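So in numbering that gives the first Met the number 0, spot 255 of the sequence shown is number 254, and the numbers just go up one at a time.
Note that these hints are calculated values from the structure, not bench results.
Values in this document were obtained by computation on a predicted structure and should not be read as measured data.
Some clues are possibly wrong.
With a cut-off of at most 20 Å between alpha-carbon atoms, the simulated PhoX-like pairs for lysine-lysine come out as follows [what the hints assert, rightly or not]:
no.: 1; residue 1: 281; residue 2: 13
no.: 2; residue 1: 216; residue 2: 251
no.: 3; residue 1: 216; residue 2: 13
no.: 4; residue 1: 276; residue 2: 211
no.: 5; residue 1: 307; residue 2: 36
no.: 6; residue 1: 251; residue 2: 276
no.: 7; residue 1: 276; residue 2: 307
no.: 8; residue 1: 110; residue 2: 13
no.: 9; residue 1: 316; residue 2: 13
no.: 10; residue 1: 316; residue 2: 281
no.: 11; residue 1: 316; residue 2: 304
no.: 12; residue 1: 13; residue 2: 307
no.: 13; residue 1: 289; residue 2: 276
Label-pair restraints from in silico Cβ distances [as the list claims (entries may be wrong)]:
no.: 14; residue 1: 173; residue 2: 61; range: 23 to 29 Å
no.: 15; residue 1: 283; residue 2: 90; range: 47 to 53 Å
no.: 16; residue 1: 181; residue 2: 122; range: 38 to 44 Å
no.: 17; residue 1: 247; residue 2: 296; range: 28 to 34 Å
no.: 18; residue 1: 52; residue 2: 260; range: 41 to 47 Å
no.: 19; residue 1: 297; residue 2: 52; range: 28 to 34 Å
no.: 20; residue 1: 290; residue 2: 207; range: 47 to 53 Å
no.: 21; residue 1: 85; residue 2: 23; range: 19 to 25 Å
Just so you know, even glycine gets a beta-carbon here, dropped at the ideal spot from N, CA and C.
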Amino acid sequence: MAMDLLSNVLSSLKIESTSISRWTMSAPWGVDVHDFKLGYCLSLVSGQCWVRIKNNSPTPSPAIQLQEGDSIIAPRGANLAILSDPNGATIPLDSLPWHGETFQGLSSSIKPSSAMQVNWQGEGPETQLLGMAFTFQDHQNNFLLSSFPDFFILKQHESSFLRLIHPAMQFLIHDHSPGYFAVAMQFSELIIIGSLRAYILSNKTSSVGVLKGMQDKSIAKVLTAIHHTPHYNWTLPSLAAQANLSRSVLSKRFPEYVGVSPIDYLNRWRIHLASEKLVNTKESLDSIIKSLGFETDRTFRRLFKQHKGLSPSQYRKQFNSA
Numbered sequence: 000m001a002m003d004l005l006s007n008v009l010s011s012l013k014i015e016s017t018s019i020s021r022w023t024m025s026a027p028w029g030v031d032v033h034d035f036k037l038g039y040c041l042s043l044v045s046g047q048c049w050v051r052i053k054n055n056s057p058t059p060s061p062a063i064q065l066q067e068g069d070s071i072i073a074p075r076g077a078n079l080a081i082l083s084d085p086n087g088a089t090i091p092l093d094s095l096p097w098h099g100e101t102f103q104g105l106s107s108s109i110k111p112s113s114a115m116q117v118n119w120q121g122e123g124p125e126t127q128l129l130g131m132a133f134t135f136q137d138h139q140n141n142f143l144l145s146s147f148p149d150f151f152i153l154k155q156h157e158s159s160f161l162r163l164i165h166p167a168m169q170f171l172i173h174d175h176s177p178g179y180f181a182v183a184m185q186f187s188e189l190i191i192i193g194s195l196r197a198y199i200l201s202n203k204t205s206s207v208g209v210l211k212g213m214q215d216k217s218i219a220k221v222l223t224a225i226h227h228t229p230h231y232n233w234t235l236p237s238l239a240a241q242a243n244l245s246r247s248v249l250s251k252r253f254p255e256y257v258g259v260s261p262i263d264y265l266n267r268w269r270i271h272l273a274s275e276k277l278v279n280t281k282e283s284l285d286s287i288i289k290s291l292g293f294e295t296d297r298t299f300r301r302l303f304k305q306h307k308g309l310s311p312s313q314y315r316k317q318f319n320s321a
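Required output: the full structure, derived from the provided sequences and hints.
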């Protein structure tokens, strides 16, 4: 696996909002996380916790038991039930007795000044969970995120990184001082990007996309070339030469791993970089187009609208007014 490529991919995933929470739940309890449009992460600190996928299948999928120290991560949000008993009943997430600023309407424009807490008073044993809701910049059109599954479970024994998460989040739960949000954002990015990296390094990914492409040495060479020099006038023959493959083999193998042709991927990566520059810099559109190697202004505008659903100027205006 090309490690520089992995750093390049992970560095381009930017967290734009976050909300951290502590859950103190006495059994029996069950929470239905449904149509939640944000990414989220839940870590089991102590007690019992089960996860069940919510779908419309006539035969419900078996519940998965978490062990203390394990985390569920849903990068784009996922329909799950989180329960004290694998066959228990659930209530919607927003019906929980929250203390602090509410989950409703979390967006890049809302910057909570402290963590949130929920206390569920049942008769049975207590479970402690740490939660985090977050959004990535342009999460609806971020093609890198589509490589990740709807959710995955990181077992504590699979990643020493997870041992760092709980003390960091516990610190933030008790932090009510000015500057909380700035620190929470940095912590969240570290925790989420670290968890995504741990997932990738565990080689579990089967979803077609850039992550699967990294697992093939030849395809990884092509991806590395595109990511490191997106402005270069890449053609199918020059990309095939990077991987020491024939054009026909690359044309067949690349989509099997990545889901699109090499030139399509090049254009998607360039559009991704252009969208970052539009949001995070004041660079002129002409300068952005030239710096990313697009042949014409017209080609750039057509591809941008195709992938982002907005013109470049509409996109810059929308995200800068958020």
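Against the structure, the hints come out as follows:
no.	hint	in the structure
1	281 <-> 13	holds, 18 Å
2	216 <-> 251	holds, 15 Å
3	216 <-> 13	violated, 27 Å
4	276 <-> 211	violated, 27 Å
5	307 <-> 36	holds, 18 Å
6	251 <-> 276	violated, 32 Å
7	276 <-> 307	holds, 14 Å
8	110 <-> 13	holds, 16 Å
9	316 <-> 13	holds, 18 Å
10	316 <-> 281	holds, 12 Å
11	316 <-> 304	holds, 14 Å
12	13 <-> 307	holds, 17 Å
13	289 <-> 276	holds, 13 Å
14	173 <-> 61: 23 to 29 Å	violated, 37 Å
15	283 <-> 90: 47 to 53 Å	holds, 51 Å
16	181 <-> 122: 38 to 44 Å	holds, 41 Å
17	247 <-> 296: 28 to 34 Å	holds, 33 Å
18	52 <-> 260: 41 to 47 Å	violated, 32 Å
19	297 <-> 52: 28 to 34 Å	violated, 45 Å
20	290 <-> 207: 47 to 53 Å	violated, 29 Å
21	85 <-> 23: 19 to 25 Å	holds, 21 Å
In the structure shown, a violation is registered for the earlier hints numbered 3, 4, 6, 14, 18, 19 and 20, in ascending order.
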